[in-house]
Amino acid sequence: EAQVTQNPRYLITVTGKKLTVTCSQNMNHEYMSWYRQDPGLGLRQIYYSMNVEVTDKGDVPEGYKVSRKEKRNFPLILESPSPNQTSLYFCASSLSGTGGNEQFFGPGTRLTVL
Amino acid sequence: TQLLEQSPQFLSIQEGENLTVYCNSSSVFSSLQWYRQEPGEGPVLLVTVVTGGEVKKLKRLTFQFGDARKDSSLHITAAQPGDTGLYLCAGGMEYGNKLVFGAGTILRVKS
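Protein sequences appear in the order of chains A and B.
The first sequence begins at 14 in this note's numbering and counts up one residue at a time.
The second sequence begins at 104 in this note's numbering and counts up one residue at a time.
Next comes chain A alone, as it looks inside the complex (with noise of 0.2 angstroms):
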């Protein structure tokens, strides 16, 4: 089944404990990305990368760090979480780029900083 999958779905931590969010796609996929969802805001890009080894910000990457070293493979780090950082996040795939092309997103994690 074509699916991206983040792991976990749930996490509680505490201010300035380093954590990773892991995400895979099965699907091929030249374009990941990770997104923050909160209310009233919506969905805001934090980073994303067109292939392996090609990463870029996006709106909101302050406090994150993000890696592609595998095509299927694009976890998102923490170094030093903070309360602001409690958010709900996305992680997704496309074939290539945004130009038009479906994005498919991973099941979410919630995380909460305390």
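Do not take every clue at face value.
Computed cross-link-like contacts, DSSO-like style, restricted to lysine-lysine with a CA-CA straight-line distance of at most 27 angstroms [stated by the list, open to error]:
id : chain 1 : residue 1 : chain 2 : residue 2
1  : B       : Lys201    : B       : Lys160
2  : A       : Lys84     : B       : Lys201
3  : A       : Lys82     : A       : Lys31
4  : A       : Lys70     : A       : Lys84
5  : A       : Lys78     : B       : Lys201
6  : B       : Lys173    : B       : Lys159
7  : A       : Lys70     : A       : Lys82
8  : A       : Lys70     : A       : Lys30
9  : A       : Lys30     : A       : Lys78
10 : B       : Lys201    : A       : Lys82
11 : B       : Lys173    : A       : Lys70
12 : A       : Lys70     : B       : Lys201
13 : B       : Lys162    : B       : Lys173
14 : B       : Lys160    : B       : Lys173
15 : A       : Lys30     : A       : Lys82
Treat the hints as calculated values from the structure; they're not laboratory data.
Using the hints provided, position chain B relative to the given structure of chain A.
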């Protein structure tokens, strides 16, 4: 300030009524997509429009892309409880590979 302004934010209607959701911007987009999201899940694509003035129909849903590619609308005819969910518009930026989303419209259809 949202690059894509979506309205209304909330809509609660009775089964059988019609409704329209709007997505507006001062920016030009290369494409405009509409997604539907249910609680506990990620958004799922409903439609993509890429040509100014384009109209697409998906059963009771009609999507339109503005002539200048700055706005879009989603019209639902004879809404049903199964249409309940969060509707999101998303614009593909003309330059670069970013996708910007509107804040979403929460639709509730009561039976």
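Structure-based check of all given hints:
no.	hint	verdict
1	Lys201/B / Lys160/B	26 angstroms, holds
2	Lys84/A / Lys201/B	19 angstroms, holds
3	Lys82/A / Lys31/A	20 angstroms, holds
4	Lys70/A / Lys84/A	18 angstroms, holds
5	Lys78/A / Lys201/B	17 angstroms, holds
6	Lys173/B / Lys159/B	17 angstroms, holds
7	Lys70/A / Lys82/A	17 angstroms, holds
8	Lys70/A / Lys30/A	23 angstroms, holds
9	Lys30/A / Lys78/A	14 angstroms, holds
10	Lys201/B / Lys82/A	21 angstroms, holds
11	Lys173/B / Lys70/A	24 angstroms, holds
12	Lys70/A / Lys201/B	9 angstroms, holds
13	Lys162/B / Lys173/B	25 angstroms, holds
14	Lys160/B / Lys173/B	19 angstroms, holds
15	Lys30/A / Lys82/A	23 angstroms, holds
Violated hints: none; the structure is consistent with every hint.
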